[in-house]
Amino acid sequence: MTTSDTAQAASPPAEAAGDKIPWTLHVGFFAMVIGMFMSILDVQIVASSIRQIQAGVSASSDEIAWVQTGYLIAEVVGIPLSGFLNRVFGLRRLFMMSAAAFTVSSVLCAMSWDLDSLVFFRCIQGFVGAAMVPSTMAAAFTLFPGGRSMTQQVMIGMVATLAPSIGPTLGGWITGHMSWHWLFLLNVIPGIVAVVLVWRFIPRQKGEANLLRRIDLIGLASMAVMLGAFEWIVEEGPAEGWSQSGMIVRWTFYCIVATCIFFYRAFRVEHPIVDLTVFRDRNFASGAIVGAVVGFVLYGSVYALPLFLGQVQGYSALQIGQIMGVSGMAMFFGGPIAGALTRRFDPRLILGTGLIMITIGVAGNAQMTQESSFNELFWPQAIRGVGLIMTMVPTTNLALGTLPPLRVANASGLFTVCRNLGGAVGIAFLNTLMLHYNSLHQQELSAGMSIARPEVKEWLSQTAARLQSAGVADPQGAAMMELGHRVQMEALVMTYNNLFMAMAMASAAAFLIVFVLRKPNPATGPVAAH
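Taking the numbering used here, the leading residue of the sequence shown gets 1, the next gets one more, and so forth.
FYI, nobody ran anything at the bench for these hints, they're computed from the structure.
Computed from a prediction, not measured in an experiment: that's the story for all the values here.
Treat the hints with care, as some may be off.
Okay, the calculated beta carbon distance ranges per label pair [as the list claims (entries may be wrong)]:
| hint | residue 1 | residue 2 | range |
| --- | --- | --- | --- |
| 1 | Ala447 | Gly314 | 21 to 29 Å |
| 2 | Gly314 | Glu444 | 44 to 52 Å |
| 3 | Ala221 | Ala447 | 46 to 54 Å |
| 4 | Ala340 | Ala209 | 21 to 29 Å |
| 5 | Arg213 | Ala340 | 41 to 49 Å |
| 6 | Ala209 | Asn375 | 24 to 32 Å |
| 7 | Thr369 | Val257 | 33 to 41 Å |
| 8 | Met501 | Gln443 | 39 to 47 Å |
| 9 | Val516 | Arg213 | 58 to 66 Å |
| 10 | Ser446 | Phe345 | 38 to 46 Å |
Quick reminder that beta carbons are idealized off the backbone N, C-alpha and C, glycines included.
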């Protein structure tokens, strides 16, 4: 197959017929967005239902974590492979295969009979569904003219930020009203609809099936070990004490060896499994770094805030969902605004504004107290939500919008991997900080709670008198226990404030990357390549 044939296969039908984009193409792309939404949603949808799943498959608390970890590892291995598979099968066929396999594996997850079968099917689900995310991103740039793809980019940005935010809330609601099996059966109807609409309305592209005979199996195996081991290490490292665990040290060595082999093969073989030369493009490399930071803040805030609300405030899943829903609604309404601003103004300006809003919103969460509730958390959540969507849309435009169409599929996979790894590394970093700061703050606060201090002695006396009047058998001991509990809660609050401040510092540092980015020029983008 010649280069001209490939370029013709990748070119949007809208341009072949003229400037008018047929409505059927919009329908087909919307179906791809549905598949993308399902793939991202399934990362977090089981988070709030782990206890119910654990009881259903008779697993321990350590074992059940693999229901989520297995999916993440398989997905992060499958995503960068999508660029190669897109060349082999074509965009339309690859998405249909991915969505169909994802739907079938979702049914198998619901039919699991024990933990081993559930983890096995979850790994399959994560791997086969991984191609839907980069394929949808690639479709936005290759099926639509460069200046007309902003609506599609907005939809992608909204899904990429909204799905992780509502995942735990939706999962908790489904489990509470039905059963955990419906967390997976939920994918069946949307999956079928996505496959049918994409088959019906997305134009065919020619593939290069002969590439399968030249696949770099050593590069593929080393990439799988590298990404899979890295994802597992950052997931389990904080709980295992990092270098204190022989298993972590051993797999770190395997990861380093696999990384060396992968990079050697990527730059030496004629047809590498992943084309890393796209990082030579300054906009893509800078956009990938911003995407990793956005992943850190997005997944980190979705991880940390529900923990704070549950541990400190004792909120139910519904109450947590109401607070988390503020950022989701802000993203939903902010998406069209972000798209319109990116289309009208320099996207670097919109990106910088979004990063500033993220910093302000996350820094606002770093001022929490034990009394912080919906009212106090509303504006930080709303500002962060708008900031995330205002960052995601121009970042995708800046990173992928100036690349030739033939490189977009591979680049979109790498961009997605960077965002996901940013979230994984960020959560591991937050867990490590949590262990450190919680211990530090407890020591500092306990040192100041000496009963020799008049203030402490007076508080204990008043509390003991109140408890004695309430009929407590040992008021003095109960007062000491209450003081210890308050110290623990205050240490937790201070710890979570530290975590959000770390995220604010990361987003503030990412603002400097804006000055490195070049302004997109349509003459160098997909349109010119056609």
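Results for each hint:
no. : hint                         : result
1   : Ala447 to Gly314: 21 to 29 Å : holds (27 Å)
2   : Gly314 to Glu444: 44 to 52 Å : violated (24 Å)
3   : Ala221 to Ala447: 46 to 54 Å : holds (53 Å)
4   : Ala340 to Ala209: 21 to 29 Å : violated (42 Å)
5   : Arg213 to Ala340: 41 to 49 Å : holds (47 Å)
6   : Ala209 to Asn375: 24 to 32 Å : violated (59 Å)
7   : Thr369 to Val257: 33 to 41 Å : violated (48 Å)
8   : Met501 to Gln443: 39 to 47 Å : violated (20 Å)
9   : Val516 to Arg213: 58 to 66 Å : violated (40 Å)
10  : Ser446 to Phe345: 38 to 46 Å : violated (53 Å)
The structure shown violates the earlier hints numbered 2, 4, 6, 7, 8, 9 and 10.
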